[in-house]
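Residues per chain are reported as follows:
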Amino acid sequence: MTASAKREAGDPASPFGNAQTPFAGFGLGLRVPHYADILDARTGPHPDVDWFEIISENFFEAGGLPRRNLMRVRERYPVAMHGVSLSIGSSDPLDMDYLHRLKTLADLLNPPVLSDHLCWTGAHGLNMHDLLPVPLTEESLKHVAGRVRQVQDILGRRIALENPSSYVAFDCDEMSEWDYLSELTRQADCDLLLDVNNVYVSSVNHDFDAVAYLDGLPADRIKQIHLAGHENNGDHIVDTHDAPVTGVVWTLYGKAVERFGTVPTMIERDGKIPAFDILVAELQTARRLQRGVLHAAPKERAA
Amino acid sequence: MTTLANLQTLFQRHLLEGDAALAPYLARGGAFLPVYRNAYGARLREIMAGEFPGVAALLGPDRFEATVDVYLADHPSTHRNARWLGRHFTDWLGATDIGRRHPVLVDMAAYEWALSFAFDAADADALPPEVFATVPPDAWPGLTFAFHPSLRLLTLGHDLVDFRKAAAEERDPDNAPTALEKTSGWAVWRDAESLTVQHRPLADDEADGLSALTDGGDFSNLCDRIADHLDASLVAARAAELLGHWVGAGWIVDLGGFTLDAHAD
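Going line by line, the protein sequences match chains A and R. Using full-length UniProt numbering, you'd call the opening residue of the first sequence number 1 and step up by one each time. Using full-length UniProt numbering, you'd call the opening residue of the second sequence number 1 and step up by one each time.
You may find that some hints are simply not true.
Stated by the list, open to error - So, partial list: chain R residues that the calculated Cβ filter (under 7 Å) puts toward chain A:
# : residue
1 : T3
2 : D74
3 : S77
4 : F119
To be verified - Chain R stretches covered by chain A per the calculated footprint, using a threshold of three residues with CB under 8 Å from any CB of chain A:
# : segment
5 : 26 to 33
6 : 37 to 48
Unchecked claim - Restricting the straight-line Cα-Cα distance to at most 25 Å, the calculated cross-link-like pairs of lysine to any residue (SDA-like) are:
#  : chain 1 : residue 1 : chain 2 : residue 2
7  : A       : K103      : R       : K182
8  : A       : K272      : R       : A49
9  : A       : K272      : R       : Y40
10 : R       : K165      : A       : Y35
11 : A       : K103      : A       : D130
12 : A       : K255      : A       : A275
13 : R       : K165      : R       : A146
14 : A       : K142      : A       : S176
15 : A       : K272      : R       : A122
16 : A       : K103      : R       : A121
17 : A       : K103      : R       : A124
18 : A       : K272      : R       : A168
19 : A       : K103      : R       : A122
20 : A       : K103      : R       : L10
21 : A       : K272      : R       : E46
22 : A       : K272      : R       : G50
23 : A       : K142      : A       : M175
24 : A       : K272      : A       : P33
25 : A       : K103      : A       : D171
26 : R       : K165      : A       : P33
27 : A       : K272      : R       : R45
28 : A       : K103      : R       : G50
29 : A       : K272      : R       : P53
30 : R       : K165      : A       : P66
31 : A       : K272      : R       : A39
32 : A       : K142      : R       : T3
33 : R       : K165      : A       : V32
34 : A       : K142      : A       : D171
35 : A       : K272      : R       : P34
36 : A       : K142      : R       : E46
37 : A       : K272      : R       : R43
38 : A       : K142      : R       : A5
39 : A       : K272      : R       : D123
None of these hints come from the bench; they were simulated from the model. All values derive from a computational prediction rather than experimental measurement. The beta carbon of each residue, even a glycine, is placed where N, CA and C say it ideally should be.
All chains should be built: construct the whole structure from the sequences, respecting the hints.
Given below as structure tokens:
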């Protein structure tokens with residue numbers, strides 16, 4: 001039995017071993033333009049969409065249509081929670097009001113994965129509403145790991161942190177991002193959300209080997225995969241989420257499947273959002289690619 | 001100060017003010033640092049344009065962007081949820097030269113913020129009409145009312161509705177908002193069934209009475225405000241009529257000032 005299987009079955013050594021909503025297959029980010037398709041009363045759950053992921057903060061307010069629609073979606077599908085404002089890397093104290101709201105929503109939805117990003121979003125009481133990079137130092141690692149443990153204690157569940165896209169690195173960096181994330185999972189007993197597009201974007205912006213990044217991550221901690229489109233500006237790439245997944249990212253996703261297997265995978269689209277069926281068709285590409293990779297290379301994967 | 005805190009202070013100062021002190025701490029000269037500053041401005045302007053399409057349409061894109069940039073410099077976001085970014089905008093705009101010269105902008109900002117607030121304010125169950133029959137006559141003067149969290153009262157000097165609707169739908173409005181002969185009270189709230197945001201003008205006595213109650217006043221205060229507008233002989237009937245409207249619209253969610261159990265028998 002692998003370490004991850006033990007945890008899912010209820011590892012007595014972990015405080016976060018309770019069974020959660022079953023999670024497998026392929027999902028999409030829940031976006032307002034698609035509600036009518038998703039909640040069409042004449043149909044049941046879409047046969048090609050296994051789950052949805054929400055931006056957690058969009059549902060922190062307690063009422064109205066957002067909450068009603070969310071609960072209708074939850075009746076049909078597992079709903080993963082993905083946050084953008086935990087600010088786990090900030091030098092500010094943890095925001096207890098934010099964590100209370102996050103916990104209230106998580107207790108309502110019982111998400112199979114609750115994630116945010118390895119980043120900070122503001123300091124000195126301000127919020128920049130962006131996923132800003134943390135210096136990859138022992139100092140910040142210790143700081144972030146301690147805060148992840150605190151957050152998990154408060155939420156009563158393990159969280160997953162996503163590798164961000166980044167456009168600058170710090171002179172004081174002491175390790176690679178994949179080593180940082182690997183060590184973070186050990187120190188904080190947390191999981192990872194692997195954004196394959198972000199790996200590619202950062203690999204170009206910082207000139208590192210994207211496959212080496214994947215090889216450096218602990219396979220048993222990868223609980224979810226994100227795919228998205230980007231904007232190539234020649235000497236750098238920006239993570240825009242407003243275009244289809246590119247060929248080079250599909251190729252890297254194939255490498256990720258080879259290494260990590262059938263990790264639940266979704267496509268994020270936040271700008272120029274196409275019709276629901278178009279995104280579902282793109283999701284089918286991921287499904288076919290995963291099936292093809294696993295069929296071609298049914299080898300034992302690293303734990 | 002630790003390295004982490006120091007770097008974050010410099011990074012944030014760069015985003016807010018364009019301060020260059022961060023650059024020496026970045027690998028490869030931080031060649032792509034502008035991605036962050038450009039994204040910061042673009043993202044927050046987009047959020048504000050989404051919250052205030054009517055103000056944006058009144059000002060035009062360039063002046064709206066410039067106005068928002070000054071607002072954000074005065075009120076950088078302090079909330080984890082970007083949904084609250086515009087919460088100071090109406091008051092801020094009202095204190096600016098452009099807001100004083102063009103009060104329609106301030107009216108529009110207030111109206112749009114009320115619409116946005118009502119959209120996802122907390123849910124609350126409307127009080128069933130039959131509860132009022134359980135209130136003993138001697139408790140009525142001290143009766144207080146809790147209103148639905150989505151209800152917002154506004155005082156507007158312009159007819160904004162059609163212009164704002166067109167702006168929100170990215171259509172060219174037929175006409176600019178017209179100034180009213182006198183300011184008028186408006187209510188904005190979320191309908192309990194459809195969960196759509198509603199709005200309607202209020203009669204003067206209704207606006208005054210509602211203001212008294214939302215400020216913590218009781219039924220006797222409501223009657224006093226109505227009496228400012230009507231003959232004393234008509235006040236009781238008008239108060240009952242208004243309560244009927246408010247209950248029917250789902251605005252009243254609780255009563256205070258008496259204990260139901262104590263009067264149950």
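Checked hints:
no.	hint	in the structure
1	T3	holds (6 Å)
2	D74	violated (13 Å)
3	S77	holds (4 Å)
4	F119	holds (6 Å)
5	26 to 33	holds (count 7)
6	37 to 48	holds (count 5)
7	A:K103 - R:K182	violated (48 Å)
8	A:K272 - R:A49	holds (17 Å)
9	A:K272 - R:Y40	holds (19 Å)
10	R:K165 - A:Y35	holds (22 Å)
11	A:K103 - A:D130	holds (22 Å)
12	A:K255 - A:A275	violated (29 Å)
13	R:K165 - R:A146	violated (30 Å)
14	A:K142 - A:S176	holds (15 Å)
15	A:K272 - R:A122	violated (30 Å)
16	A:K103 - R:A121	holds (19 Å)
17	A:K103 - R:A124	holds (21 Å)
18	A:K272 - R:A168	holds (18 Å)
19	A:K103 - R:A122	holds (17 Å)
20	A:K103 - R:L10	violated (32 Å)
21	A:K272 - R:E46	holds (14 Å)
22	A:K272 - R:G50	holds (15 Å)
23	A:K142 - A:M175	holds (13 Å)
24	A:K272 - A:P33	holds (11 Å)
25	A:K103 - A:D171	violated (36 Å)
26	R:K165 - A:P33	holds (19 Å)
27	A:K272 - R:R45	holds (17 Å)
28	A:K103 - R:G50	violated (28 Å)
29	A:K272 - R:P53	holds (19 Å)
30	R:K165 - A:P66	holds (21 Å)
31	A:K272 - R:A39	holds (17 Å)
32	A:K142 - R:T3	holds (13 Å)
33	R:K165 - A:V32	holds (19 Å)
34	A:K142 - A:D171	holds (19 Å)
35	A:K272 - R:P34	holds (23 Å)
36	A:K142 - R:E46	violated (36 Å)
37	A:K272 - R:R43	holds (15 Å)
38	A:K142 - R:A5	holds (14 Å)
39	A:K272 - R:D123	violated (31 Å)
Hint check: violations occur at hints 2, 7, 12, 13, 15, 20, 25, 28, 36, 39; the rest are consistent with the structure.
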